[in-house]
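Novice: One line per chain: the protein sequences are A and B, in this order. In terms of this note's numbering, the first sequence opens at residue 1 and continues consecutively. In terms of this note's numbering, the second sequence opens at residue 1 and continues consecutively.
Derived from the structure by calculation, the hints contain no laboratory data. Even glycine gets a Cβ: it sits at the ideal position worked out from N, Cα and C. Some hints here could point you the wrong way.
[As the list claims (entries may be wrong)] Chain B residues, not near chain A, derived (Cβ > 10 Å throughout): (1) 193; (2) 402; (3) 429; (4) 443.
[Unchecked claim] Beta-carbon label-pair distances, calculated as ranges: (5) 487/A - 270/B: 35 to 45 Å; (6) 450/A - 357/B: 43 to 53 Å; (7) 163/A - 440/B: 37 to 47 Å; (8) 494/A - 475/B: 47 to 57 Å; (9) 159/A - 357/B: 34 to 44 Å.
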Amino acid sequence: MFGQSILSLVIWVPILAGIVVLATGSDRNAPLARWLALAGSLLGLLVAIPLATGFDTATSAMQFVEKKAWIPAFNVFYHLGVDGISMPLVLLNSFVTVLVVIAGWQVIQDKVAQYMAAFLIMSGLINGVFAALDGILFYVFFEGMLIPLYLIVGVWGGPNRVYAAFKFFLYTLLGSLLMLVSFIYLYYQSGGSFDIQTWHKTTLGMAAQTLIFLSFLLAFGVKVPMWPVHTWLPDAHVEAPTGGSVVLAAITLKVGAYGFLRFILPIVPDAAHELAWLVITLSLIAVAYIGLVALVQADMKKLIAYSSIAHMGFVTLGFFMFNPLGWEGGLVQMISHGFVSAALFLCIGVMYDRLHSRQIKDYGGLVNRMPVFAAFFMLFAMANSGLPATSGFVGEFMVIMAATQVNFWFAFVAATTLIFGAAYTLWMYKRVVFGSVGNPHVEEMKDVNAREILLLGVLALAVLGMGLYPKPFTDVMHASVVDLLAHVAQSKLP
Amino acid sequence: MRDSLMHFAPAFPEIFVLAMVSLILVVDAAVDEDKRFIAYVLSLATLAGAAVLTVRDFSTMPVQALGGLFVDDPLSDVLKLFMYLTTAVVLVYGRDYLRVRGLYKGEFFVLALFALLGMMVMVSASHFLTLYLGLELLSLSLYAMVALQRDSSVATEAAMKYFVLGALASGMLLYGMSMVYGVTGSLALGDMAQTLADGSDLQIPLVFGIVFIVAGLAFKLGAVPFHMWVPDVYHGAPTAMTLFIGSAPKIAAFAFVVRILGQGLESQVAEWRDMLVILAVLSMAVGNIAAIAQSNLKRMLAYSTISHMGFMLLGILAGSHNGYGSAMFYVLVYALMSLGGFGMILLLSRAGFEADQLDDFKGLNRRSPWLAFVMLLLMFSMAGIPPTVGFYAKLSVLQAVVEIGYVWLAVAAVLFSLVGAFYYLRIVKLMYFDTPHDTSPIAASPDIRVIMSANGLAVLALGILPQPLMAVCVHAIGASF
């Protein structure tokens, strides 16, 4: 019955669920709000499942397409569709939303309805970002998701939350506003169309391509985030509540990387080839330098935030190798990082809920009191450092292989992450978990409860599954990646 | 007899409003203080009646009347309908506020309706004389409205400033008009456009005339560097008057600018475009940057108005139908947002307390989640963040300037709107992130709450489905030029 509008459901079910949750009002109805939010997020995941089961891996064309006139005055369409690149991201987002709702179950006691509603509405908007095939529609979702995230960081965040919320919002707005000007320019160049696939075919001069490239790079580079526009991320992560950190790391960073594949590379391929050195340099700096920065962090959330920046550097590096291995490696890395970073932030959340500290020095000897938790945490720490048989390994390995094909030194610098990543993650793990019980507070900590085991267990399965058998993921992407690469290889100069 | 009466048909709404104002003036003088609601109801009835007359005679093409002094076209009809709506909302929002301050007098209604009449004449004028007549009727009414709170020295000072600077601007405008008249030999916009299109060898006096006209218009719009009066008047006037000054007259000012520059001086676009570029960039810069430093919400919104007028000028300076259409969309959206923003101050104020400090919005989410949400929508809309209608307003004017090849101007505009986003976000921060220091319940009448909710939801609904309003603007401009 809804076969023709799966993507609309994927977008609007969470948003409507969010509005329903919001309607429960004050904290007197908090339990109701929680259950409604859980139902809404599960329903959102349920309606997204047909995307996976009905997906045709043989074609690179857009699937589940919907197209209706929206604003004829601007020639803007409500145009949705997914390909092998965006479909997994939609699923990832719908999946993470369920986790986030469960993660905030007990921790959030203040303005519960608003908290849950903000996450649900944001989830729908992010699905819209990945599914939009019209520039203005994309922009509306892309900007719209800033509003709930701003509130999440600012209302439920830590002590320095106001600063973090402003910084995050204004940083991302700066990039996206310049992108908007590029969109309008493309509208006129393409003969009056906001259709992204039409833009893929529009010929552009080198000067215009370069300027558009730079504006897009700023817009998506801030979101990824790339060095040197990454400074908002550690602040936002540290101050955000656990759920906010999970969504930030697992999903919103992917929006930036997704923009590279959907906008930058296909629309301005010549400028992308010409300026590849810039992105490669920034990515390598992110991988190596930010890895070192992560090493010296005293705050666990900050450490994982910097580790996210380093891992996303891998993604952008892979994209600018211009070969299938690099692209698929980058995409696998995106999904994997979605699982691993979500899991690590949840782990930190578990500890924070008990001790109300994120400082590494306040812990120690956790394994004595929380053995089950320590085992989970171990797995995710290993995945974060890229241990084979975890999902973290697959993407990094593919990108390093791809880089070797292009230039040995790219691969050499990128491979340092295997050392730095292991160093900062495992060192943190050692200081937090091993040794004797650090202080009396740790002595009193209780092991994970059923709800937390459920959360971490599901993610552990995902991390191991993807690490042991990544083929289903790469199969889904393959056709789209190959086709897009062929497109990007062609010059679009007039 | 009937034929000669029909000669006035295009001006029936104006005639009706004039008759009703006179009636209200007499009736209000005759009834007691406690029957003031009669004037209130009569005023709302006037607006409704005028709306009916305007809709009934909705013209699909320009109709000249009164010997070419007056024109009834889709542009004027649409703008008038929006002006009735805005004025009605102002009367509702302002009612309780004015009552507790002893300003709920017949004069308020009479002046507001006279101002409306002036605006109606302005948007329907096709002749320098009627344009000026309408403008002065509007201005004089507004001066008096600001001064209505006689015992407030701030309000009196604001009125004085408004009057002196407004009179100066009118003088400049007249001087410019006289020069253009000297060159073209006509005061009617149509004849003027014809003469200029045929070419004139008196280019230098013409350009001088245009400079004075643009300066006068910039004064009335409050564009930088002619903006000095705006913050003081917005701040000093009783908030209900500020609400009025900040909404409907902006719509009229748009019509005024488009009539003179777009219709009368259409062929001189190359001359006035560069002047408007400077005005627009300066307005966006000064408006947005100065707004950051304000701790008074009325002053902050005044500076935000200046920047919004700069954005609207972007649409006009494009000099195309698209551009005028986008500017019209912008000004209508602006009026909607401005009503909500100032209306919220009125709603939160009570006897002896003005909620016009930024700090008065602290923790509004705890006191009233719904009103905080409405204000959130309004603020994000002013900042131009989707999915609110403010985004499409910005998008359409940016599109108009990119179309004429001014990409740099679009880049400058978005950078200034980034600056602007900061102070709108600050309001959201105060409402959502901070705890209230004033926990007294919000005492607002149900009808005001309903209208405020509708106002906020309109910002969201038009953001999700902007097509109808946009189509109205495009059509009105297309059929009137």
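Novice: Could one say that the CB atoms of residue 494/A and residue 475/B fall in the range 47 to 57 Å?
Specialist: Between residue 494/A and residue 475/B, where Cβ atoms are some 36 Å apart, the hint is violated.
Novice: Falls inside 34 to 44 Å, the C-beta gap from residue 159/A to residue 357/B?
Specialist: At 25 Å between Cβs, range violated.
Novice: Beyond 10 Å on every Cβ pair: is that true for residue 443/B relative to chain A?
Specialist: At about 20 Å from chain A, residue 443/B clears the 10 Å cut-off, so the statement holds.
Novice: Quick check: does the Cβ-Cβ distance between residue 487/A and residue 270/B fall within 35 to 45 Å?
Specialist: holds, 42 Å
Novice: Taking the Cβ atom of residue 163/A and the Cβ atom of residue 440/B, is their distance within the range 37 to 47 Å?
Specialist: violated, 30 Å
Novice: Please check whether the beta-carbon of residue 193/B is more than 10 Å away from every beta-carbon in chain A.
Specialist: holds, 27 Å
Novice: Confirm or reject the statement that residue 402/B sits farther than 10 Å, beta carbon to beta carbon, from all of chain A.
Specialist: Answer for residue 402/B: violated, closest chain A Cβ roughly 5 Å.
Novice: With d taken as the least Cβ-Cβ distance between residue 429/B and chain A, does d exceed 10 Å?
Specialist: Given a closest Cβ separation of 6 Å, the condition is violated.
Novice: Regarding residue 450/A and residue 357/B, is the given constraint of 43 to 53 Å on their beta-carbon distance met?
Specialist: holds, 50 Å
When each numbered hint is compared with the structure, violations occur for hints 2, 3, 7, 8 and 9.
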